[in-house]
Amino acid sequence: MTLRRSISFLAGLAMALGAGWVAFPRVIYRSRPQPVNFSHKIHAEKAGAKCEDCHSFRDDGTFAGIPTLDKCAGCHAAPMGTTAAEKSFIDEYVTPNREPQWSAYAGQPENVSFSHAAHVKRAQMTCESCHGNTGSSDTLRPYQVDRISGYSHDIWKTPNMPHGMKMADCVACHRQKGLEHSCLDCHK
Amino acid sequence: MNTTRREVLMFAGGSAVGVLFTPAPWRLITDSALWSENWPGIPAPGHGEIRTRYTNCSLCTAGCAVRARCVGDQPVQLSGVSGHPLTHGALCPFGLAGHHLPYLPSRVKQGPAKEAADAVANGIAKCGAGECVATLDLQPARTASWTYRRAMAALKNGRYVAPSGDSSVAVDLSQARTVLSFGVPVLDGWGTPGNVNTARGGFRLIQIEAVESRTATMADQWLRIRPGSEDALAQALAGTAPIATAADATGLATSEIVALIAQLEHDGPTLVLGSSRLASSGRTVIARREAPVPAEWQKAAPVTALASLPDRSVRVLLIDESAQGEYLPWHTIEKKLVSDNPVIVAFAWSREGYARHANFVLPVGVYPEVAGDIPSAIDSVAATFRIAAPLVSPPADMVKPEQFVAAAAGLATGDTLRERADAIHKAARGSLFTYADAKSQALKDVTADAFWKALNAGACWIDAPDDKAPVAQLAAAGTESRPAEQADLPLAVVVSRELTPGSPILSKLYQESNLRLAPNRVALNPACGLEDGAQAVFETLLGKCHVGVTLDAGVPAGVVQVSGSPAVLDLCAAGVRAKVVRV
Amino acid sequence: MTSANKQIRAARYGMTIDVDRCNGCGACMVACSVENNVPPAHEGATDRKGLTWIRVYKVDNGEEYPNRRTAFVPVMCQHCGNETPCVHVCPQQAVDVDPSTGVVGEMPQRCLGCRYCMAACPYHARYFNWWDPAWPAGMEKTLNPGVTPRMRGVVEKCNLCHGRWHAAKERAAAEGKPDTEPVDYLPACAEACPTGAIHFGDLNDSASAAAKEAAEPESFRLLEKLNTQPKIYYRSKKEWVREIAAAPRPGTGKENTRG
Amino acid sequence: MASQSMDRQFITRGLTRCSGSKFLWWISPWIALLLFGLYAAALCLIKGLNQTNMDNRFAFGLWIFLDLTVIALGAGAFFTGFLLYILKLDELRSVINSAVVIGLVCYSGAMCVLAVDVGQPLRAWFTFWYPNVHSMLTEVTFCISCYLTVLAIEYVPIVLRNRKLRQVPSFLVFEFELHKLIYVLAGVGTFLSFFHQGSLGGLYGVLRGRPFAFREGLAVWPSTFFLFILSAAAVGPSFILLTTWLVEKLSHKRLVRPEVLQLLGRISGSLLAVYVLAKSIDTLVWINRTSPETGFQAWQYYSWKPFGSWILVAEIGLFGLVPALILLAPKLRRRTGWLVSGAVLACLGVALNRFVLTVQTLALPTLSFDRFLSYTPSWQETGTFLAVVAYGVLVYSFSFRYFQLFPQERELKIAAPQMEEERELVGRS
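Chains as they are written, first to last, in the numbering used here: chain A, 4 to 191; chain B, 158 to 740; chain C, -15 to 243; chain D, 492 to 920.
Note that these hints are calculated values from the structure, not bench results. Owing to the predicted nature of the structure, the values given are computational and were not obtained by experimental measurement. Quick reminder that beta carbons are idealized off the backbone N, C-alpha and C, glycines included. Some clues are possibly wrong.
What the hints assert, rightly or not - In silico DSSO-like pairs for lysine-lysine, Cα to Cα no more than 27 Å straight-line:
(1) C:LYS161 <-> A:LYS124
(2) A:LYS53 <-> C:LYS161
(3) B:LYS610 <-> B:LYS596
(4) C:LYS161 <-> A:LYS180
(5) B:LYS736 <-> B:LYS492
(6) B:LYS557 <-> C:LYS125
(7) B:LYS456 <-> B:LYS557
(8) B:LYS557 <-> B:LYS266
(9) C:LYS209 <-> D:LYS796
(10) B:LYS283 <-> B:LYS456
(11) B:LYS583 <-> B:LYS610
(12) D:LYS538 <-> C:LYS125
(13) B:LYS266 <-> C:LYS125
(14) A:LYS191 <-> C:LYS125
(15) C:LYS222 <-> C:LYS196
(16) C:LYS161 <-> A:LYS191
(17) C:LYS125 <-> A:LYS74
What the hints assert, rightly or not - Cβ-Cβ distance ranges computed for the label pairs, FRET-style:
(18) A:ALA126 <-> C:ASN211: 33 to 41 Å
(19) A:ARG29 <-> B:ASP554: 50 to 58 Å
(20) B:GLY205 <-> A:TRP24: 38 to 46 Å
(21) A:ALA14 <-> D:LEU536: 35 to 43 Å
(22) C:GLY160 <-> A:LYS74: 23 to 31 Å
(23) A:ILE10 <-> D:LYS579: 43 to 51 Å
Please construct the entire structure, taking both the sequences and the accompanying hints into account.
Laid out in structure tokens, this is it:
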């Protein structure tokens, strides 16, 4: 009697734990493939050694982020290699001059005002310290977005990174550096 | 039975406990809060490279120089161009939100261009003796206006009609020691804001007005007279009428008027601004030669004042509302139209103006969508030529009024703006001020193409100073005759043309605060018996319309102040009286 | 650099507003709304339910013509420097004072809309989003990317154009300037004022125009006796205008219903 | 019929309760009211607070005012508990259950209204996650939610002692164990509620930007902090007295001995007297020192009609001193009419005090070019609050029907043999 009851209790417990730890994290994110199977590795080797070569700063100090099509078309007007990925990229985007809809893994929500200049130029941080080994990755992993909040998965935890890009993570570092003044430091 | 129910309960209990030890519930709580930060309906601003582009504001003839902060090509913020010789980096509230105009909900999106063209052609053909085809141009002295005049000249019985006011006359604020204004909003919309503010230190401002307008508030002296008694006072000041009558009419003390006269004589050069006419002593009002025009344009119809058209004579009326100007009440126009179905075409971007009366309403581009030049401002001593360079592209099937009219008159036109620019360049007078580098250079040092390029990238051509000649001596100013007393219409009407139609953001000024009088409101003295915000009917001999009531201690008893919305202006005329009845 | 006490030269951003120059045109209100993505009014909005981070009040001396005098007083968040009334009432740290700038900041995304801070503010400079923000179709293209639009049900207010401040800081960083110095920038209202009545600057920097003017005898602050130490200074040569800084005088309060 | 007997099985043995159908008649209008109120609240939640007549100046309105009042009245729960379990005032055992239910109703109701009152309920938990320890509102939120839990726990034994439920042995055990805790609970509850009653007062007392409400005090707590505790403690018993009397009237039963009501009255009266004294002193200090120091002359506040100085007189005199005297006079106390009207006046007094502090504070201008404002709640606001009233009545009715709120009821019933039953609102089984 009591045994059966405790069994059913434990069963419920186990079920809930499983659902919460295994199923839920899968369900909460919607996965979206990147438009093009892009290899940072190859481009780092062949095109430019440094991230800034493509992910450049504008004259006014703002960060241009993911390069636009014309940057790609500069080299890929015609196929340079033989990969199917490149060919489809040219056919789908370069030739019709259609901007690929990239999804920024580290894209912060609208209310965050993040200055690359302050972190890269002034604080001399490396790209890897936030973006992990994306720069040397061979393929683009699918972009995962939280179904409810619409935040990128990487905000919570960037792969191959000790920390994520949640507010708490930013604050931790700023506090250590004595640069934490107010909400509006980083919020807009 | 019982046992299984217990088991189910235990199971539920177990899972309840279990869930608490998983991330799920906490994450759901967090996510719901994050969701509320950018929940549906909150637009996300566009992102991209921030660029700076320049143009000139064509909302009024001040034509202030504008620096536009753009995301990509879309302007998101407008500001003045400091160092500009005429506009001195100032923008008025309407100009600051000018880039919102293309998105006005009330905007006219399409219209029957084809049918209108046929109807006009028809009307022109039917035009009998003594009848005419008239183009009403609310903002004369533009290049487009020249096209109209040429088109009307090309027609046997074409007339070019413009609101009274002579574009060849300018005032020189820098010369004035005293400015005597008969209800002219000198500090609030008249002339070029930047220029007025710069010159403000140099003159003493005497405001003669029935209500406490913004200008009256800021004037050095405010003389509150009875509405419509401007003329009487002006006569007295000019010495053409006894002071006693003026005192009687205006409600001022005789001593006040005497003191005023003495003061004007003593203070030296005086500029007198009437609601329509100007007068001056000293060199404060001067003749201004217009910017050069191509020789072949000289075959143009003369400027006709609406009043001088014979009644019931206009068979075809083409109204260009695309450029803001003085609004002529409909009843003044209506009586000029032939009685048997005249053809009325309004080129308008808003349905609130003449569109309410026209047979055909044709949509036009708005600032900053369309290229067009801006006439020289009243307070600019030298002629100017500046183009409102488009910052965004207009929607599909917008009509270009001047082209429509030219076509209707069978007049072939090219790129008139360019032709005008070349003519100016040929004259090789004056200087060119470019905004991007805030530099001024003599026009003769610039090639024609460079000139044209500069004008479209934000620049202003300023004519060389002319040997100035005084136009008028101190003479009668002010036009309005004193309202006739009427028992059933107790209130004298004072029109303050405060609100040119503009961005929805202007609700900050007249809905979310009472700083300005809303288009559909009238201001009354707090002792009028109605309460603030009450809904009422505004009635004159010319009709009635619904208005909201704003109480303002600055409006004297027995006076109703109305804003410049066409619906209300249609009910107003010189010396009209009104009543405001609560509904 | 890792030490938590980095030597920062703190700024005290503030303003002086010359009431005698203000002609009440409202340019500052429009420029502010454009800069900060404040939506146009919902048709149900009134002067009591609107969103005007800066609001120009029409103030008079309560007399009748010819003794009647009128002035315009722009009122925005006064950025109180002492016992800032709104900061310590907020239950969840959505309001704070930036020690490096003295700006009183408000985080709409943290706000739960309890409106306690609005009750606490003596200057009525805080505004609540009673409606969902709505722009006419297409007009959302004109939104300023430097400031994020707020959602319904939260409080918002002037923060001295932090969007422009961010931009200035980013420029400084790009130019390799250290982050220990305050940056130069200009809020939208100060930039837009056609009569140049509003002067913005660092009150700690005695060279700045704002600091100089704030020290002049004709400068005053609203409700000074509350000892909230606002950083917005008003200036007027007129005695009666300087008196508006004091507590309301019953009887005359009724007449000042404009603005 | 089956449901009938089912229903019967739940009613405490030895007590008479009206027939199920009669009970249905009694609750249905309240249920209707509740539904209407829920609709109004839903409007406010879905369409936003534009449904209310609050605005930027009247940031707080009807809801906050009534929440403060309701919570003050609900204070009877903690104070009776305090007197019974801590001060061992055993006569009060006969009303403690009723007091707990009332407390639960008042607090939970207030919490629900607050959830509608905030613009972003989804973020309400931020207060717990990122608390600003300096904010009185944080204190209020923490204490009220904790105390609500305490009340819920205190409510459980009342439920479990229900005739049917106690058939489950484990429930009985649980209830017994829980009962051992009751002293701890009472202690915790007392502390919590003393504290949040105070912080509710502090809520306005700390507003230095609102000289009308601003008060000096001890350390971080303005004088209103202590005044609120005192006033709440004073009217709490009065409200219990009132409700008990009301239930007796409605159910045509004698539920407690008259001495108990008189005792409640006496407690209320004496505390009220102390409160009136403290309040008067506070007011004098405020008029002569606190307010002038901030540049506001106190007389100015009362020159804005309709809030003349009469409101001050009414608050302290008519609704403070008068009920205090009534309740303190043994002669008058013994007359039910006087006793009840004394309690009513006391309750009205605390309501008026909360009104002055919330609504009048916001109505008064602070800037010289600002105006005196008025505000009338929209039907959505009123409706939302009526829902709480209906909710309260329903919870209490059910508790009264199925649980033993008044331990003395049975013995009193035996003492007073079957009254004339046909006129009775409550029939016998």
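Checklist entry - Which numbered conditions among the earlier hints are violated in the structure presented, ordered from lowest to highest? => result none
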